[in-house]
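Keeping the supplied structure of chain D fixed, place chains G, V and S upon it in accordance with the hints.
There are 4 protein chains.
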Amino acid sequence: MVKVGIVGGTGYTGVELLRLLANHPQARVDVITSRSEEGIQVADMFPNLRGHYDLAFTVPDVERLATCDVVFFATPHGVAMSMAPELVERGVRIIDLGADFRIKDIELWEKWYNLEHTCPDLVQKAVYGLPELNRDAIREGQLIGCAGCYPTAVQLGYQPLLANGLVDHRRLIADCKSGVTGAGRGANVGTLLAEASESIKAYGVPGHRHLPEIKQGLSGMAGRPVGLTFAPHLMPMIRGIHATLYSVLKDPVGPDLQTLFEEFYRDEPFVDVMPAGAHPETRSVKGSNMCRISVHQPQGEDTVVVLSAIDNLVKGASGQAVQVMNIMFDLPETTGLEQVALMP
Amino acid sequence: MVKVGIVGGTGYTGVELLRLLANHPQARVDVITSRSEEGIQVADMFPNLRGHYDLAFTVPDVERLATCDVVFFATPHGVAMSMAPELVERGVRIIDLGADFRIKDIELWEKWYNLEHTCPDLVQKAVYGLPELNRDAIREGQLIGCAGCYPTAVQLGYQPLLANGLVDHRRLIADCKSGVTGAGRGANVGTLLAEASESIKAYGVPGHRHLPEIKQGLSGMAGRPVGLTFAPHLMPMIRGIHATLYSVLKDPVGPDLQTLFEEFYRDEPFVDVMPAGAHPETRSVKGSNMCRISVHQPQGEDTVVVLSAIDNLVKGASGQAVQVMNIMFDLPETTGLEQVALMP
Amino acid sequence: MVKVGIVGGTGYTGVELLRLLANHPQARVDVITSRSEEGIQVADMFPNLRGHYDLAFTVPDVERLATCDVVFFATPHGVAMSMAPELVERGVRIIDLGADFRIKDIELWEKWYNLEHTCPDLVQKAVYGLPELNRDAIREGQLIGCAGCYPTAVQLGYQPLLANGLVDHRRLIADCKSGVTGAGRGANVGTLLAEASESIKAYGVPGHRHLPEIKQGLSGMAGRPVGLTFAPHLMPMIRGIHATLYSVLKDPVGPDLQTLFEEFYRDEPFVDVMPAGAHPETRSVKGSNMCRISVHQPQGEDTVVVLSAIDNLVKGASGQAVQVMNIMFDLPETTGLEQVALMP
Amino acid sequence: MVKVGIVGGTGYTGVELLRLLANHPQARVDVITSRSEEGIQVADMFPNLRGHYDLAFTVPDVERLATCDVVFFATPHGVAMSMAPELVERGVRIIDLGADFRIKDIELWEKWYNLEHTCPDLVQKAVYGLPELNRDAIREGQLIGCAGCYPTAVQLGYQPLLANGLVDHRRLIADCKSGVTGAGRGANVGTLLAEASESIKAYGVPGHRHLPEIKQGLSGMAGRPVGLTFAPHLMPMIRGIHATLYSVLKDPVGPDLQTLFEEFYRDEPFVDVMPAGAHPETRSVKGSNMCRISVHQPQGEDTVVVLSAIDNLVKGASGQAVQVMNIMFDLPETTGLEQVALMP
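Residue numbers (this note's numbering), protein chains in the order written: chain D, 206 to 549; chain G, 206 to 549; chain V, 206 to 549; chain S, 206 to 549.
In isolation and in its complexed conformation, chain D is listed as follows (with noise of 0.2 Å):
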């Protein structure tokens, strides 16, 4: 049995690791802290985990949470990384959910995180948490920093094509589209239900955090720094991400991309690579851990057009997390990650 620590258990990662967490036959969660939260039980403050909690909220402290095989941090940056070394040191694995450990240029993570970073040593030895691109590297791994939502979806949507070189790696446009749950818990007069609600808007269209993200697992597939377009938009629904991503084939009658994708992710137990003309809902991954996945050539031309969507709080943070968790410790894969999505 996984002992859990979770850091930072208020926000939306967090209670979602709770949920995916509370039916996991291999891990139980021991210590979850929140500063505000003190002393309250999880399941006053989400009563959906009413029934499936005794469990009350923690002031974080490095003692208790040494205490656990594993501490998932659900916050946002800037935190773990201030508590990241001393846990390390102790010997505890870490998963974090935020963006501490993502980017191993620490010059661009700081100009775009605006923050300096306190502990760049701890970047380099870090692993990125997208099993399908980095399986055994997270497997030995004792930090992990997790891949963001769009950027999950993303890469997982062009690594057939960059890592067999099929498109031009300089003019790749990720148009992306997500739920608001992307926007975190914090009170926010912009994702009020009665302003984000029957309403759609791009954002961050100058320039958004998790473009360099992107661009740096992108350019590892394709060998070379590539050129890029990120433009996500905020839907009016709670959960998912659709990733609509375009690039210019090399060869329009190169090898036949259907069955590439189907080759490629054939082993994958979360991605699921649909039939030939499919256009992937959101609503077909709500509440699980699955990214479906379609690939399109439209009349044939030299554009090829990639539908990638997952839950954004499943496989773009908790489940994902869980997944690298469940590698970590050599359990099979998909423990605990089997929900079905809930649809309608």
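These are computed hints drawn from the structure, not numbers from a lab. A hint or two may mislead.
Label-pair ranges, simulated between beta-carbon atoms [as the list claims (entries may be wrong)]: (1) D:P480 to S:A368: 40 to 50 Å; (2) G:A261 to D:D461: 24 to 34 Å; (3) G:P325 to S:E315: 51 to 61 Å; (4) D:E473 to S:D373: 32 to 42 Å; (5) G:E243 to V:G459: 52 to 62 Å; (6) G:R340 to D:I245: 29 to 39 Å.
Derived lysine-lysine pairs resembling DSSO-like cross-links, with alpha carbons at most 30 Å apart [to be verified]: (7) D:K420 to S:K455; (8) S:K208 to S:K330; (9) G:K420 to G:K330; (10) V:K455 to G:K455; (11) D:K455 to S:K455; (12) V:K420 to V:K316; (13) G:K420 to V:K455; (14) V:K330 to V:K208; (15) V:K420 to V:K455; (16) D:K330 to D:K316; (17) D:K420 to D:K316; (18) D:K455 to S:K420; (19) S:K316 to S:K330; (20) G:K309 to G:K420; (21) S:K420 to S:K455; (22) V:K420 to G:K455; (23) G:K208 to G:K330; (24) S:K420 to S:K316.
Glycine included, each C-beta is placed from N, C-alpha and C at the ideal position.
Structure of chains G, V and S alone, referenced to chain D:
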């Protein structure tokens, strides 16, 4: 392993049965029927099931269904009564999610459903499927007419008051709010997103088919015919029923209602009496089989207000049917029904 | 041309006043105040107003406001009472959309609003702003305390019954459903899209600030203190209130209620009694100043159910305020309020 | 006073025409047809129109329609072409909101619409109805084929770039998002609230009927055939289209795009170029005839991203049709179209 057949698998209660049974450790769906979708894989119709089922729809066939231990009817009224007699004769157990076997007064049933009942004898032998009311009879039953969605929310809310004779049974008011899946998966202008979102309305105030079912149940609890006003409302959401139940206390300074409710439902795994002062949200039961209830006595006066929330497709339909199956087959009642509600 | 000032223009009732007054042929907004947004153009804050206004927020200033013919307070309770005395003294007419001048019983007001009232004398001179109840007094009034959103829907629904003495005034039940704009534009976790959509809940069942206002109004209609249970519910939609109003007929075979309602509201431009059997949808009044009502007597028994639908931001707030202004300034009552509801 | 006829008044563009024309001071709807709803009052079908119209649906009849000055076809493709020749002959002016007269290449039209065109001659005489592209021709036109919803958003966004020859015309990508009213008012499982809310998906990526129309328009602007990838997406909202338009600048340090766009649309009453850095929300045009546009050049690189937002039922259909009518009848172009968008 319970061998399950499902008649009518293309509606919302059908796909929800498939979702719940996909991870049920003691049941396996062997047969699923649909005349219109014969030969189609269930996962091609409902992509959330991809990877969980290798099962195709077949034309309804009594021979084939008779090989099952239990057959669920996830069909509109009128279908179950046409096939039940033959299946009953062959010893198959039946769980009808529709309305054919709920109402004992055949004449009343025929008036509200505008149809002649073809097996009135079976109605008398059928057991009403609401475990919190009727658990022992269900255990022995061969044919169960599961409680409807509104009737479940209303009866669970009123039961402690009526069974204890605390309120005026002649003046019950059930103001109920339901998500659109209550109207089924049929193509219908009124439940298009463009018609039903960003709006609410009452419907069926002059009379709704669930009225006689609810009155039958409440009258049973009260030991005499109750007077009930039932006003259903359509809500701009997919899942969920919220019943707001008004009644008049015979004695405003009688027993403490909070304690009474907690004790009444102490041993029920799927009824959660919330703390005093709470207001259950439907999302706190989304995708789960729980009914959450709170009880209020505003300003200490003689009106009691009970709030009762369920997921109409789970505790109001398919989850309840699985709970009934567990009881019938001597499985632990919560088997396969431990999902945590999806929140947010 | 009526010169208009608006205090507190950054909330939802403020921007709705701006929307309605943009095309009002006899009124012009001269001053709009907001301490936090001083100097900002209203159209920069609310892009729907681009091209309609060249007007910036200014700090509230009595001198400046005193140049207006009428000042609207689109503010939380407590603000209007702090500025009203001085403006009244200078002869400015005031329309308060907040709660400061609605309740005549100062002690009661102070209890529910948990605040000392600073100008109780003015309260006694103030006129309650619900034209269908109080039109003549409004015409002569200098200071109007506009009816709240729930109170408008409830009072218009009950008025024909209570004014005619047809129902038991001791047993009124108002089950009300409101869109989230009723909670205002403040940053608030509870009304985030991720929290409030795909869910419904009751709130304030033990007691809500609109209860004393509604009781005061209904008691006036009935000529004696009424007994009222008021249960508000939060709906996953932006705009709209639907009140479902229950009462007990003294005589179940009394006057035809449909005819009675139609005649009662025959000359009202903003109350639409729908045909017998109808159920008003809130979307049928979205963006319009109309209140649509239907009346039902289910199964001919002694309970009457009135359904009343308004747009909480229009007839429940800013539209009503404009209607009140039209009356005060002897303009045709419908001036600037002829918008057709946006449907779908 | 322009006498108006509407063929096909029971769909969303029909009721939206009625909403807009209800307060149009220079036009009056004399005839509205619907075969299925003959004799029904429009206000009985669409309760938002109660009090605004005393008009019943009639069976389509050329004699009757010929008494009108202008006839709008708010019909699926195929209807207008069956009645247009006779009306044109009688001198009636026609505004077709459908697709029959938009595409000059008959063969192409027949391929995409899978129907033989019955009056190809009229197509050649027809004028394309997008005033910002084609105002003078519209003024003189007798038969107008109004621009479709996606085509309007896309063409208005690309026009300044293509007309000035600034971008590579071979690599245009239009990622478009539409509310469900774009799919019409037909009963359809796919646009049920239970299917389409809390989810997004692409559709028609292999090919969509608006593709040839958009390509025709963009090619006209560019002066040569363009290459376009068009990916429409279904959004969980009622109204609104957001087009995200990608193209490659020939010269990344060319003219300032913000200034270029502002000047290009300086005199257009219904195109609003937003300030630099802005992201238009579809709700900022909800119910209004405005198209709001912003232009971005992320990180100063060579990709330009134009964001274009309209209400698909107004500027994308019925509002545009009224704008066209105003032009044809020498009325001020904004007559009846000054509604402020409903926000929130």
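Restraint status (C-alpha distance of K420 of chain G to K330 of chain G at most 30 Å): Roughly 20 Å separates the two Cα atoms, so the pair holds.
30 Å limit on alpha-carbon distance, applied to hinted pair K420 of chain G and K455 of chain V: 24 Å, holds
Honestly, do A261 of chain G and D461 of chain D meet the 24 to 34 Å range at C-beta? Since the Cβ atoms of A261 of chain G and D461 of chain D sit about 27 Å apart, the hinted range of 24 to 34 Å holds.
Is K420 of chain V close enough to K455 of chain V, meaning Cα to Cα at most 30 Å? 20 Å, holds
Restraint check for K455 of chain D with K420 of chain S, where alpha carbons must lie at most 30 Å apart: 24 Å, holds
In this structure, is the beta-carbon distance linking E243 of chain G and G459 of chain V contained in 52 to 62 Å? At roughly 58 Å between Cβ atoms, G459 of chain V and E243 of chain G fall inside 52 to 62 Å, so the hint holds.
Would you mind confirming whether the straight-line C-alpha gap from K420 of chain V to K455 of chain G stays at or under 30 Å? Roughly 24 Å separates the two Cα atoms, so the pair holds.
30 Å limit on alpha-carbon distance, applied to hinted pair K455 of chain V and K455 of chain G: 21 Å, holds
Mind checking the alpha carbons of K420 of chain D and K316 of chain D for me, to see if they're no more than 30 Å apart? 15 Å, holds
Decide if the proposed pair is consistent with the structure: K309 of chain G and K420 of chain G, CA atoms, cutoff 30 Å inclusive. 12 Å, holds
What's the verdict on K208 of chain S and K330 of chain S, does the C-alpha distance respect the 30 Å limit or exceed it? With Cα atoms ~23 Å apart, K208 of chain S and K330 of chain S stay inside 30 Å; holds.
K208 of chain G and K330 of chain G were given as a pair; does the straight-line alpha-carbon distance stay at or below 30 Å? It holds: about 23 Å lies between the C-alpha atoms, which stays within 30 Å.
Hint compliance for this structure: every hint is met.
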